[in-house]
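Protein chains in written order, with the working numbering: chain R, 1 to 232; chain F, 1 to 286.
No lab work stands behind these hints: they were computed from the structure. Remember, predicted model here, so these are calculated numbers, not experimental data. A virtual CB, placed ideally from N, CA and C, is assigned to each residue, including glycine. All the given hints hold, so there is nothing to weed out.
Pair ranges (Cβ atoms, derived):
hint	chain 1	residue 1	chain 2	residue 2	range
1	F	E192	R	V220	28 to 34 Å
2	F	G66	R	E124	31 to 37 Å
3	R	E104	F	K223	37 to 43 Å
4	R	N174	F	N22	49 to 55 Å
5	F	K164	R	M151	29 to 35 Å
6	R	V220	F	A120	19 to 25 Å
7	F	K164	R	E104	28 to 34 Å
8	R	Y120	F	E17	26 to 32 Å
9	R	K176	F	M97	54 to 60 Å
10	R	V220	F	A179	21 to 27 Å
Stretches of chain R that chain F covers, calculated by requiring three or more beta carbons in the stretch to come under 8 Å of a beta carbon on chain F:
hint	region
11	59–65
12	68–82
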Amino acid sequence: MAAASMMPIFSQNVSSNSDLVPEWSRQEVSTGTTIMAVEYDGGVVVGADSRTTTGAYIANRVTDKLTRIHDRIYCCRSGSAADTQAIAEVVSYQLGFHSIELDEPPLVETAAHLFRASCYRYREELMAGILVAGWDRRKGGQVYCVPIGGMLVRQPVSVGGSGSSYIYGFMDSNYKPGLSKDQCLDLTTKALTLAMERDGSSGGVVRLATISEDGVERRVILGDQLPKFSTH
Amino acid sequence: MATLAVRRAPLGGFSFENCKRNSILESEANKVGFSVPTARKTGTTICGVVFKDGIVLGADTRATEGMVVADKNCSKIHYISPNIYCCGAGTAADTEMTTQIISSNLELHALSTGRQPRVATANRMLKQMLFRYQGYIGAALVLGGVDCNGPHLYSIYPHGSTDKLPYVTMGSGSLAAMAVFEDRYKTGMEEEEAKQLVRDAIAAGIFNDLGSGSNIDLCVITKGNVDYIRPHDEANKKGVRHGELEGVQLTGDYRYKRGTTAVLSKVVNPLDLELLEETVQTMDTS
Numbered sequence: 001m002a003a004a005s006m007m008p009i010f011s012q013n014v015s016s017n018s019d020l021v022p023e024w025s026r027q028e029v030s031t032g033t034t035i036m037a038v039e040y041d042g043g044v045v046v047g048a049d050s051r052t053t054t055g056a057y058i059a060n061r062v063t064d065k066l067t068r069i070h071d072r073i074y075c076c077r078s079g080s081a082a083d084t085q086a087i088a089e090v091v092s093y094q095l096g097f098h099s100i101e102l103d104e105p106p107l108v109e110t111a112a113h114l115f116r117a118s119c120y121r122y123r124e125e126l127m128a129g130i131l132v133a134g135w136d137r138r139k140g141g142q143v144y145c146v147p148i149g150g151m152l153v154r155q156p157v158s159v160g161g162s163g164s165s166y167i168y169g170f171m172d173s174n175y176k177p178g179l180s181k182d183q184c185l186d187l188t189t190k191a192l193t194l195a196m197e198r199d200g201s202s203g204g205v206v207r208l209a210t211i212s213e214d215g216v217e218r219r220v221i222l223g224d225q226l227p228k229f230s231t232h
Numbered sequence: 001m002a003t004l005a006v007r008r009a010p011l012g013g014f015s016f017e018n019c020k021r022n023s024i025l026e027s028e029a030n031k032v033g034f035s036v037p038t039a040r041k042t043g044t045t046i047c048g049v050v051f052k053d054g055i056v057l058g059a060d061t062r063a064t065e066g067m068v069v070a071d072k073n074c075s076k077i078h079y080i081s082p083n084i085y086c087c088g089a090g091t092a093a094d095t096e097m098t099t100q101i102i103s104s105n106l107e108l109h110a111l112s113t114g115r116q117p118r119v120a121t122a123n124r125m126l127k128q129m130l131f132r133y134q135g136y137i138g139a140a141l142v143l144g145g146v147d148c149n150g151p152h153l154y155s156i157y158p159h160g161s162t163d164k165l166p167y168v169t170m171g172s173g174s175l176a177a178m179a180v181f182e183d184r185y186k187t188g189m190e191e192e193e194a195k196q197l198v199r200d201a202i203a204a205g206i207f208n209d210l211g212s213g214s215n216i217d218l219c220v221i222t223k224g225n226v227d228y229i230r231p232h233d234e235a236n237k238k239g240v241r242h243g244e245l246e247g248v249q250l251t252g253d254y255r256y257k258r259g260t261t262a263v264l265s266k267v268v269n270p271l272d273l274e275l276l277e278e279t280v281q282t283m284d285t286s
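Input sequences plus hints: build the corresponding full structure.
Below, the structure is given as structure tokens:
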């Protein structure tokens with residue numbers, strides 16, 4: 001991180017002076033998060049928790065991390081809230097413009113490449129882990145993973161964020177190719193619930209969206225309606 | 001990162017050379033026993049709430065410089081446009097200048113579009129500016145207003161992230177204020193109920209946070225009307241000093257009667273000046 005080496009030192013000096021302003025208000029807002037996206041035949045299911053933190057304080061407990069990029073393309077945001085909001089807005093603009101030029105709905109792969117272009121070019125300055133998911137006519141439902149650093153890879157199922165570490169085992173044992181839409185929704189809900197249970201930076205409600213040729217169907221699962229597991 | 005430390009031509013954009021200089025100066029100054037002047041921060045409580053017909057914004061009025069109160073009655077609710085106001089916490093200069101810049105740009109934008117400005121527009125402009133400065137502009141804002149799409153409330157953080165919510169709090173006293181909101185907020189409140197809730201939230205910040213204090217300012221924005229109530233509540237009224245000897249109330253007036261200070265001696269030296277020339281140059285006030 002040669003280019004960004006000056007910045008952390010500066011911000012720490014300034015923070016230590018003021019006693020009146022508490023620690024959590026000086027830290028950057030981060031979506032310490034759990035996000036997930038799964039492909040099924042005919043579309044994708046995306047899901048996320050709803051917690052945004054500044055240090056140990058929850059700045060927003062009902063965040064919507066499933067951001068619309070285009071009619072049939074959504075992205076799941078994790079990492080710095082400011083960075084991911086800024087990138088998502090830039091890509092929305094670029095994709096909207098591109099779609100008008102083409103006079104047809106854009107490809108999910110195009111959106112993923114636009115995300116990757118920004119995330120890779122400014123990799124030293126940004127902290128953004130993004131899942132791009134959607135439906136298009138050419139390849140159907142697709143999930144692309146653009147983690148911190150700016151890699152781009154298509155995966156049938158992908159998880160991200162700080163809470164994802166806790167559910168890799170669950171994903172490896174419970175995912176099989178060829179799941180139906182409802183099975184995908186169920187898998188996503190269970191996975192997010194388990195991650196939210198264990199990860200301090202994930203929590204709140206579970207937000208889900210199903211994207212297919214027919215459109216986008218959004219739902220929210222509130223705290224008391226989450227599935228219950230037996231170790232408590 | 002295994003990169004060589006090669007000297008390269010200065011790129012366009014920002015130069016943070018002065019940051020290095022400042023940190024060197026600070027350590028040098030500390031060695032000699034001086035301290036660098038601190039930026040004045042508004043350790044603050046600001047909040048906003050959406051009610052049935054619009055928005056209520058609230059703020060305390062204390063501005064601090066380290067541990068000293070710099071201004072007992074500063075105004076933290078800034079004008080953005082006739083239908084949009086913005087509360088600011090963080091560095092006082094940053095919130096003041098940022099809101100003024102966006103207010104000016106928004107007025108030009110409104111003239112260009114021929115429409116009343118929207119809160120979402122102000123939000124975009126603020127977040128894009130703050131993101132560009134990567135958090136170095138220490139402005140944490142609560143932006144609220146009523147436009148053609150109804151009432152909207154946003155919280156904007158110094159790094160440029162925003163949240164659109166029905167109730168928000170910011171500043172050092174935000175935890176105290178948020179506790180009040182989480183307990184008593186309901187959707188579709190009436191104006192008086194909303195004003196009382198905001199007043200109580202700011203009061204919680206004032207009495208439980210050292211960085212917030214003095215009075216409570218409110219701003220009620222509805223479609224076609226703005227009520228800027230300053231002060232709404234003088235939560236911390238300064239007491240009246242009593243004179244120790246006479247038991248008379250001293251009003252804190254620093255004008256003293258002639259004779260308070262005894263005159264010991266008096267010397268008068270008249271200066272004999274002769275008026276040579278008198279000219280009058282009028283000021284151009286056109």
